[in-house]
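Undergrad: Just so you know, the sequences run in chain order U and L.
Here the first sequence is numbered in numbering that gives the first Met the number 0, starting from 0 and rising by one per residue.
Here the second sequence is numbered in numbering that gives the first Met the number 0, starting from 0 and rising by one per residue.
Simulated from the structure, these hints should not be mistaken for lab results.
Fair warning: this is a prediction, and the values are worked out from it, not measured in the lab.
Using N, Cα and C, we set each Cβ at its ideal position, and we do this for glycine too.
Be aware that a few hints might be false.
[Said to hold, decoys possible] Partial list, computed: chain U residues near chain L (C-beta under 7 Å):
#  : residue
1  : Glu427
2  : Gln428
3  : Phe430
4  : Tyr431
5  : Asn433
6  : Gln434
7  : Arg435
8  : Gly436
9  : Leu437
10 : Asn438
11 : Leu445
12 : Ile446
13 : Gly449
14 : Phe450
15 : Lys452
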Amino acid sequence: MDAREKEIEKLKDYKYGFSTDIENTRAPKGLNEEVIKFISNIKKEPQWMLDWRLKAFERLKQLKEPNWQKPKYPKIDYQDLYYYSAPKSMDDKPKSLDELDPKLLETYNKLGIPLQEQARLNGIAVDAVFDSVSVATTFKGELNKKGIIFCSMSEAIREHPELVKKYLGSVIPLSDHYFATLNSAVFTDGSFVYIPEGVRCPMELSTYFRINATETGQFERTLIIADKGSYVSYLEGCTAPMRDENQLHAANVELVALDDAEIKYSTVQNWYPGDKDGKGGIYNFVTKRGLCKGKNSKISWTQVETGSAITWKYPSCILMGDNSVGEFYSIAITNNHQKADTGTKMIHLGKNTKSKIISKGISAGFADNTYRGLVDIAKKADNARNFTQCDSLLMGNKCGAHTVPYIKNKNSSSNIEHEATTSKISDEQLFYCNQRGLNQEEAVSLIVNGFCKEVLQQLPMEFAVEAQKLVGISLEGSVG
Amino acid sequence: MLTIKDLKANIDNKEILKGLNLEIKPGEVHAIMGPNGSGKSTLSNVLSGKKGYTVTGEVKYFNENLLDLEIEERAHKGIFLAFQYPLEIPGVNTNIFLKTSLNAIKKAKGEKELDAIEFLKLVKQKAGELKFDEKILSRQLNVGFSGGEKKKNEILQMSILNPKLSILDETDSGLDIDALKIVSEGVNALRSKESSFLIITHYQRLLEYIKPDFVHVLINGQIVKSGGSELALELEKKGYESLS
Ligand SMILES: Nc1ncnc2c1ncn2[C@@H]1O[C@H](COP(=O)(O)OP(=O)(O)OP(=O)(O)O)[C@@H](O)[C@H]1O
Ligand SMILES: [Mg+2]
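This is chain L alone, in the form it adopts within the complex (with noise of 0.2 Å):
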């Protein structure tokens, strides 16, 4: 569904991404380890349609030029990026902003957008699942939430939004134990035949709740390494330095 070839990114003139390849068939989950500043939330803004980049390369997302496409038209193709610093927005109910933004995707898709009754009954049933407290939800958008709290909020809305595929940039830093294994369980529900994960981590960890098809090391803007999960444990062990 996604194929990523020589992807380079720049900005103000300093180049980020150095030529990634990358390849996400239908149902794999592919998690990128690498140390800090390597590029690796570059990879998630590129993917999603940041402004600011200087992009070249090429990124085929089923039959489409990705990059042709503006970032709610991405959004509305299925592409879902959990951020790793999720933003706060005053003012804005967390209820009405979801409503809204799976409106704005039903609608793009052609589909019947949801009255308020029955968002409020999907809402609850996904905030159930992820033991989300839905008090939290008629709260401004992500505004005094913990920062385990804004990482949960952004689960419940790739749940809810129901993407193909969705980009987690380091959802687990911040969680409790407890957090990271329901949120894991949240992703393991959505993993179908159909939709794709491209999961951004530090910790191992969350690949022993999270099994991935693909471990790829991302340093200095480029993929040096690829492997299965047991790649993840040697990295726990040896670190990036044997690889750089």
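Excised from the complex, chain U in its bound form (with noise of 0.2 Å):
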């Protein structure tokens, strides 16, 4: 064992918690025009583009951060970040994988998710995103032949300019709230989805985003269009060095489903939390939005939250085609000093719209976790349909679970059920699984992930029992 390895081997609690020392290039500190034009230039994008960009930062001038939420954080200095850092080697961009910095494809085979031909995952294509940057996209040219479009939000700004164009900021307004309009302003990359019509993708898509460079916020952009009829299941990973300093993740994540069109977008979200004191961790303050545009289509947002020092997001749906179904599935996981306020937004505008949403809260050590929801039914969206249901575990009795469930009803024919339940896990419990053999921690991965069941159901087969291995570690520590 070298001596990177035995570091890695000490880094037990968060295992992704590795630096890879590389090169960058990077943006001049701060915020500000000249950064935007350094972002949009070194990304060879068309004029439209920066135009657009730097309206979004016009708007942000006059936009102020929200302060509504549950988890509070100190100011963050924006003009003491940098809003670009890429390797070097990506500077002029490797047109294959073998022209790919060694340490790129090292780091992604630590994280578990190999690059290389040979190795790559079974049926999975990935866009592996690196700070500010797309360092590689695998299956593309398979994908193609189905006239699948899977690839960088760069390169489809350079290479698909009407879709973009059409589609960007057409489900979150270039200056809807603070967050987002920053993002507008400054986003780096992200992956870009097109499912032509028709077309049922046949293999998941995946975004694997690494936090690597210091002082650095990612701002990643995601736009997926699925066209009439068709299908497609997207999932994104992320994880993030261990660090001392808070680093903010500020993403924006766009979905439209034309007439029946399904996306099913699922989410494991392992930020780096923090340490057991709550010092550092990633700010995850992040827009999902999709649109289900077109008639019979489906959203299906399915999220598993587990790292992150703050977690603020809530997948939303708009429902505006009619018969179109919106789904959201949660976990969200807080232990230490984490914290999370996370729900969704169902929005009825059609008839005949269906919403479900299942939330699974669990809070441990000096954690707080809330869910805040918002289910809208718009006036004419006759015979709405709803069903919420939060359900929050407690550990121990210095945590916190809170559930804000908003409903706005305009529209006397809809029929919304709101559950809920808060529960904690018991000595006996416990004492139960230890005589028969489990460990504390084999005992209490074992019953939280019996109440998150249901969410984790909905994630495709190859990543659940990833996703159950992180519910469990996750709360490593938490009980005994």
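Build the complex from these two chains, which are given one at a time in their own frames, with help from the hints.
TA: This is the structure:
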């Protein structure tokens, strides 16, 4: 075992906590027009894209950072951040994996996402985003044969401007709110997906986000368009090194489903959560929104949020098309000093629209976990239906769980159901499991996985097992 | 296999076991009877390692100090407690619980763990023997089970885990006449030269089906009388009054 491997061995609590020593190209520190031009320029963007960014930046100046959320955080100095950081070797983007810096390949191997042809995960296409750039996208050629576009956002802006122009900002408007607008001004990379009419995407698409550089924010931008009658299942994973500083991840994700199309979007978020005393960790302030634009369309969000110092996000659905369906399945685990304020918004605009919300919040240590959700039924949304179930599980008595459901109902033909429970893992239950040969951690993992089962079942098979393990690991040391 | 000497247990400054002595040899069946609140469940909890008691005295299990072992280590080494009140664990599938438990014990013993198919075969067989409806095993652990079903589920787990020392805490309470017979048959099927039983019960009836080698009377934290199976009959007639 060499010194580096030993170090990794030490990172048992958070095995993704290593960092890659790599030379970076960075934008100058700070948030200003020059930096935005730098980003646009290094990505070889057309003028319209730069104009769009600058417009967002103008709007940003008029917006205030929100402060209504439960988890408070120290003021972020936006001028003291880097908004672009990428491995130097990516400056003149390598064309093939053979040309990719071996250090990057090694990083992804360690993360369990091998990019090399021979080692790739079966049936899963991966877009690997490292700080501010996509370093590789696998299976592109195969997908292309079906007319599917799966590439980095930067590439899409250059190669598919008509699609990007049409849909970018169509779900999350340019000046939606502070963090979304900040993202619109400085976004770097993320994934772009287009599934043509009538095509069922033959494999799982996924993006693996990695923060590596210090003092750098990650501003991912992802756009997925499912054309009429198409289907796609997409999964994102996220990790970051262990650091004492808090790092900002402010992503925008937009989904558009046209008539009869379906998008299944899953997240396994495992950003560095900070240490046991609450030092360091990622601020995960993300805007995710899906538009069920066409009739009979469906968007389903599944999230397993185990990492980050603060998770603050509401993956939402705008149910515009008649008979469209929105779903939100969430597991949010907070341990030690982690905080989460997460949930969803289901905006019913079309007739016979249906939404389902299943939220499982687990709190341990000194953590605080809030479910916040909105079910909004518009006047014309005849026969809209919503079912919401929010369950909280507490471990110990120093943590908190809160449920804040908002309902706006302007149509009397609608049907809204809400169920909520709060429970605790009892010492008696643990004793029972221990007596049957399970140690404390195995017992907690079993009970918690049982509690989250309905959500875990929504994950693509390939990831369900990993997520189950993650659920157990995230709560290690929380009892006994 | 089990030697208990001068065992005392306190909880919240209240002494519950007050110097208990007992020896169980391999293959023996011991029954413990005694009035409510005399400390029977406390004894089974202390033997299986439940936290919260201040325990003194000595408990030798084979050649080890049982009191030094963690709860799960005791389970790995063959101690099984059929709970007086089995716990409900919402969301956890009964089959998965059973499989996790069996494999945790197998792993600790260095044996090969069972895969899903091997496990289901084993469960099917054991459930069949106990006339236990398999469908119930795909439900959440003990959630919504009837009192008798919970008890049967404990015995099913016992027969799958094949322990060396089984402690049955009032397993017969709540069982119907037929179930009592079946459960007893299950216990009898497990009886062997190596496996021993400590059976806590209020009813002599169970001991007609499972013939004990010894019957002990536990009153106020101590064993006040021991004898053969005839002692149970005597108690049934005279009650505990005459002994206390
Ligand atoms: N946490 C506790 N604090 C105080 N007293 C306790 C505690 N747990 C048990 N006891 C008491 O210890 C005594 C013995 O209880 P135990 O459950 O062992 O009785 P038992 O013999 O199993 O009775 P039963 O036949 O009713 O099941 C009872 O008086 C009970 O109230
Ligand atoms: Mg009792």
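Undergrad: For a quick check of understanding: which of the numbered hints are violated here, in increasing order?
TA: none
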